[in-house]
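Protein chains: 2
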Amino acid sequence: MDRFTRHPLPDTLRIAIVGLGLLGGSVAQGLRASGFSGRIAGHDLQDATLQAALSAGVIDEGAGDPRQLFMDFDLVVLCQPVDALLQFLARHRDGLAAGSATVLDVASVKAPVAAAIAGTPAEQRMVPCHPIAGRERSGWPAATAELFHGRLCVLTPADGIAPHRLALAETLWSALGARTTRMAAEQHDRMLSATSHLPQLLSYAFLHSLAARGGAEHWLPYCGTGFRSFTRLGGSDPALWSDIALHNAPAILQEIDHFSASLALLRSSLAQGRSADLTEAFAQARSFHDRVGLQQPATAA
Amino acid sequence: MDRFTRHPLPDTLRIAIVGLGLLGGSVAQGLRASGFSGRIAGHDLQDATLQAALSAGVIDEGAGDPRQLFMDFDLVVLCQPVDALLQFLARHRDGLAAGSATVLDVASVKAPVAAAIAGTPAEQRMVPCHPIAGRERSGWPAATAELFHGRLCVLTPADGIAPHRLALAETLWSALGARTTRMAAEQHDRMLSATSHLPQLLSYAFLHSLAARGGAEHWLPYCGTGFRSFTRLGGSDPALWSDIALHNAPAILQEIDHFSASLALLRSSLAQGRSADLTEAFAQARSFHDRVGLQQPATAA
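Chains as they are written, first to last, in the working numbering: chain A, 162 to 462; chain B, 162 to 462.
Hints may be right or wrong, so weigh each one.
Stated by the list, open to error - Partial selection, computed: residues in chain A whose CB lies under 7 Å from chain B:
no., residue
1, Phe197
2, Gln229
3, Gln248
4, Phe249
5, Ala372
6, Trp380
7, Leu381
8, Pro382
9, Gly385
10, Phe388
11, Phe391
12, Arg393
13, His419
14, Arg428
15, Phe443
16, Ala444
Claimed, not checked - Pairwise CB distance ranges, derived in the manner of DEER restraints:
no., chain 1, residue 1, chain 2, residue 2, range
17, B, Glu378, A, Leu215, 27 to 35 Å
18, B, Leu206, A, Met344, 46 to 54 Å
19, B, Ser436, A, Ala432, 32 to 40 Å
To be clear, the hints were calculated from the coordinates, so they are not data collected in a lab. Built from N, CA and C at the ideal position, the CB exists for glycine as well.
Pulled out of the complex, with its shape left as it was, chain A reads as follows (with noise of 0.2 Å):
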């Protein structure tokens, strides 16, 4: 299925994992097909969510009063939407100095967790991570044991961080399929800006720019496989890209500004008649296209 090596998690390895949405089912899902036995606790805020991860026999347990899981855990994975993320790191700052386990956590904004903990003692025991893979569905019900094959996983673990905490993290990807590479929190968020948050917002803004006037309703038949795939980004959950957008803003702005730039210049080709401009700039951005392709995945989707 995947050509990387995988590293199993020793199974005596007590592991928690709070939030059961899509990111948080997989990383379960996924560490029971890897093959993992030992116990793993789950926190979500949905009852409903905690049953039916316990029914399907992923999870053995709640995870118990969150203040306890950095004592009780030697693997916490945080795996809350970034805003609720940070409103528990700032709740639970005091468990997460007392505690020894090592915590992840898979936002997908990662400047803004690096502030959360610097200077604290979290900082030392946290390696924030971000998986590259999603789903445009969300929840438990979307979450699935492959989700993180032969993606990328990008840690930016604060200097100094402990090599067995690095060493962890790099062996719970690696056990759900996945790469891991290093980058410094502030060059994680300014490329996601480019090459996801912006994608994702264009998406909407296109799909927004026909909501929003009456008529376009009679086109829906019309809308062929270019439109779905252009637009697939655009089914995913508004709640959530809110709270990544508003997260990261500043650097996707500046995208906005650089993508406006390239639509003008498109735009003024194409009122001027200019062919070979046009041509020329489609063949430019379509040379970018072709080297992402280049780089196709170990299982591409």
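Given chain A, put chain B in place with the hints provided.
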């Protein structure tokens, strides 16, 4: 494979296909797959393409002198790109007037085709068509018998077109697995500028904004499945799309402005941290996405 009843074409019909690229090649292959065993003649400017189609047994012969086409065949399907099609129609105006063939084209813009034949005898012989089907690859190697399966084909004939010619066009598309619908050429072009030409341009503009600056190549390994889906259209042929865009420029320029208004609205909500407004705009966008999803064609790609 699809839920439409196919009406096969009579094997006595003499068919010529001009341009054996993605669309013309797929028409020819689809006809063979539908069971049509009459003779199919093909014409292509590239001898290698003609030879490939002959070797594959998809066409039986070269179509010979293009000026004779409209005399020698019952059905002539013109499958050139827009600009080449318009030049062909201008060059062979007399042949078209003299012959009795029913003529179809498959160009993505229809008003320039209508204008090219307006007031000439061709207007009553020709059923302009646009099968809403495509791939980002082009040319004979990309052609496939299934290209039109479950797709919608828009016909934009002039008023007063003879019913038997319209019926022949509808039967052809039915044989190829597509449904047909009728519409005015201008209405078609306005709709396609929004649902197809604009997404194509935005995909190029986004890729251009990355290609145009240094350093973005470092991001290549981090472009996930969302990026790939959003930019799939960016792999399309630049010259082909420059051609289409320039022939529908006024409508596309208007759509760019609609889009830019939506993007400006999202941008200001983001810049001002107006979370509720951002979420609401994203939700409007998603509702359009979901309504398109309900229109799932018979065989969605």
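At a threshold of 7 Å, is the proposed contact between Phe197(A) and chain B supported by beta-carbon distances?
violated, 25 Å
Status of the Trp380(A) interface restraint (C-beta, 7 Å, chain B)
holds, 5 Å
Does the CB of Gln229(A) sit less than 7 Å away from some CB of chain B?
With a closest approach of 32 Å, the Gln229(A) hint is violated.
Is the shortest C-beta separation between Gly385(A) and chain B less than 7 Å?
This interface hint holds because 5 Å falls under the 7 Å limit.
A closest beta-carbon separation below 7 Å is what the hint needs, so does Arg428(A) meet it against chain B?
holds, 5 Å
Going by Cβ atoms only, is Phe443(A) closer than 7 Å to chain B?
Holds, because the Cβ-Cβ distance from Phe443(A) to chain B comes to roughly 4 Å (cut-off 7 Å).
Per the CB criterion, is Phe391(A) less than 7 Å away from chain B?
holds, 4 Å
Should the hint that Arg393(A) touches chain B count as held when the rule is a Cβ pair under 7 Å?
holds, 5 Å
A closest beta-carbon separation below 7 Å is what the hint needs, so does Phe249(A) meet it against chain B?
Hint violated; Phe249(A) Cβ to chain B Cβ min 18 Å, cut 7 Å.
Closer than 7 Å between Cβ atoms is the bar; does Pro382(A) clear it against chain B? Give me holds or violated.
holds, 5 Å
Is the hint on Ala372(A) kept, meaning its closest Cβ partner in chain B is under 7 Å away?
holds, 4 Å
Cβ separation of Glu378(B) and Leu215(A), checked against the hinted range 27 to 35 Å
Between Glu378(B) and Leu215(A), where Cβ atoms are some 46 Å apart, the hint is violated.
Consistency note: the structure conflicts with the earlier hints numbered 1, 2, 3, 4, 17.
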